[in-house]
Amino acid sequence: MKILNQTGHQGDTQWYAIDCIPENAKKVEKQFIAASEQSGSFHALFGVYDQYEMEDGFILDVKEECVLNHSLQQHLNGVTMDDVKVLPKKDHRHSIINKGIYYVGIQTRFDPLSGMKEKVRD
Amino acid sequence: MKQLSDFTQNIKDKIELYKSKCITDLYSGKEYSDFNKQNLKDYVNYIYNLAKQQKPVIITTNNILEYKIYYNLLFNTKKYNKVINTLFNVKNKLLNELGNELSNKLRNELSNKLRNELYNELDNELSNELGNELGNELYNELDNELHNELHNELRNELDNELDNELRNELDNELGNELYNELDNELYNELDNELYNELGNELGNELDNELYNELYNELSIELRNELKPVKSHYIFLLNSYSRVYLMWYKFIKDEFNLPCSKTKELDWLYNNVNLANIARGFFCKKVALVLRMPSKILRNNIGFHSLTNEGAIQYPNQKLHYINGRKIPNWVFDKFNDNTLTFNDFIKETNEDIKAGIITLIKENKGNEVLLNFLNAVLIDECVLKHDNGHIETIKLYKTKESYTFLRDRNGKTNVPYAWTEMVCPSTGQTYLIDTSADFTTALESIKFHRPKFIPKDFSYNWSEFTN
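Chain order of the listed sequences is Y and Z.
The opening position of the first sequence corresponds to residue 647 in our numbering, with each subsequent residue numbered one higher.
The opening position of the second sequence corresponds to residue 41 in our numbering, with each subsequent residue numbered one higher.
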């Protein structure tokens, strides 16, 4: 598997185009890429795609143009993640994700007390 | 059908006037200070009438805490059922018989008693006292057997019923008569110029924050006294209503479109600001209404204030935001008391709150004070131009001192604290991300903060989007 480019970021979620689905990726139901502990907001992709789980991130096999939203859970009423829909934004503008395969992970921080790298929290 | 060519410069120039009417006095606090409760009651009664409902007993609350207390008294206990029922009957059926005098007397009595409760430390004793006092005068009027029945009636939520009826009565017709008269281009233009910004500010951002604040867990002291409360969204009875009405009023008046609901639309538009309603809980016999905040401060990103007055203010409560991100009160309290310490910053695990602390110090006291607060020096600064056109400045800071209990990514101990500074392109918020102390360049450190999956030597260059 090869990383093709550093595609983009929406807040602390980072997108990287890759050339194929890694062998160890496990297919899962569509789910939020990330959710805030404090504000009730989430980053999620809306449209036609398959989602796979990896250690520390997801693989998204995007079949056609999708919308990446950063919104609040209360705006999900009546909307499913199969709908290509722009939701009211929380903090970050929506992004259009083109057809392709992507690795998506969360920006990390380094904890100098533990000496470990971990995902940032918001 | 109105076309884009009908959207003359003269009409465009009026957009700012309409938008200003929506928010200027609301944000400045004038609307709150000029408030007259009768205007709110008239507006709610008008809406109920429009939805073919009888007039409810209207309880107005001036702030979020008051709303929570009144909600508990009205809906989580049964002791006011009879009072509400009596008032409701007086207001609707027996008005002529009993006369306005008695109606006012009863309404004032309820209001005074509830108000007393609010300011009386919330102990159980007081709620008993209140119940007893009211009981003497009013409880005897009604049969005890009605108790449960009344409670059900009182709790008969009207959100769906009101919403459906109002949509039938008003929204559908306005939509058909006015909205359908705009061709797509004109609609899109109006949507961008007139509606989007305020629809987002009032219908999305403000409504969300108030919704969250009403549903937020109560403080420990109040948790035993009060249960969680409810409120609901009705398009003509919340912070969004004025934007909804502005949209149709603008189209009707500025494009001279005929409308069978002109009278209703004009009345609602002229009175919605005076009603000053933020959210509420609307039932068959009683409407509990939360007023708008007393003042709102924003920048172009969202709610924003770097002073201690708060970005969303009620007389007894302030909600702090920096660049649209909610910041807990302790940050501002400590900053203003000059008791905010480096340890507070280090202990905080939420990056948005840490960013809030940095922005608060930086914007109020400057970079030098920030570096003093962190006891840090700038090690490296780098400007990057990404393939998508975004220009990003990143910085690397380290504390002057080393600490025996810290380690870097290689396991070396007795190292300084180190941070990579980056600015969020969407919010403008500055983040200091904890990094490993062995880095000597900002670029090296920001590459390290990518997910573990990405090799550290992979080029740091955003190709498509930076939001």
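The hints are simulated quantities; they were obtained by calculation from the structure and are not laboratory data.
Hints may be right or wrong, so weigh each one.
As the list claims (entries may be wrong) - No more than 25 Å apart at the CA atoms, straight line, and that leaves these computed lysine-lysine pairs for DSS-like:
(1) K42/Z - K303/Z
(2) K735/Y - K358/Z
(3) K131/Z - K672/Y
(4) K676/Y - K765/Y
(5) K648/Y - K425/Z
(6) K452/Z - K763/Y
(7) K765/Y - K324/Z
(8) K492/Z - K648/Y
(9) K440/Z - K763/Y
(10) K59/Z - K435/Z
(11) K387/Z - K374/Z
(12) K763/Y - K435/Z
(13) K387/Z - K763/Y
(14) K452/Z - K405/Z
(15) K131/Z - K324/Z
(16) K487/Z - K765/Y
This one's a predicted model, so the numbers in the text were calculated from it and none came from an experiment.
Going down the list of hints, with the structure as the test:
Proposed proximity of K42/Z and K303/Z is supported: the alpha carbons are some 22 Å apart, at most 25 Å. A threshold of 25 Å between alpha carbons decides the hint, and for K735/Y with K358/Z the separation of about 24 Å falls inside it, so the pair holds. Note on K131/Z and K672/Y: the hinted pairing is violated, with a Cα-Cα distance of about 64 Å set against a maximum of 25 Å. Proximity of K676/Y to K765/Y is assessed by CA-CA distance (about 21 Å); at most 25 Å being required, the pair is judged to hold.
For the hint pairing K648/Y with K425/Z, the CA-to-CA distance comes to about 24 Å; that is within 25 Å, so the pair holds. Annotation: proposed proximity of K452/Z to K763/Y holds, straight-line Cα distance about 15 Å (limit 25 Å). In summary, the hint linking K765/Y to K324/Z is not supported, as the alpha carbons are separated by about 49 Å, beyond the 25 Å threshold. The suggested pairing of K492/Z with K648/Y holds, with an alpha-carbon distance near 15 Å, which does not exceed 25 Å.
For the hint pairing K440/Z with K763/Y, the CA-to-CA distance comes to about 23 Å; that is within 25 Å, so the pair holds. Restraint check for K59/Z and K435/Z: not satisfied, since their Cα atoms lie roughly 40 Å apart, outside the 25 Å limit. With a C-alpha separation of about 14 Å, the suggested pair K387/Z and K374/Z falls inside the 25 Å cut-off, and the hint holds. Between the alpha carbons of K763/Y and K435/Z the distance comes to roughly 19 Å, so the proposed pair stays at or under 25 Å and holds.
Distance restraint check for K387/Z and K763/Y: the Cα-Cα separation of roughly 17 Å lies within the 25 Å cut-off, and the hinted pair is therefore satisfied. About 34 Å separates the Cα atoms of K452/Z and K405/Z, which puts this hinted pair outside 25 Å; it is violated. A hinted pair counts as satisfied when its Cα atoms are at most 25 Å apart, and K131/Z with K324/Z qualifies at roughly 13 Å. Between K487/Z and K765/Y, the direct Cα distance comes to roughly 14 Å. Compliance with the 25 Å bound is thereby established for this hinted pair.
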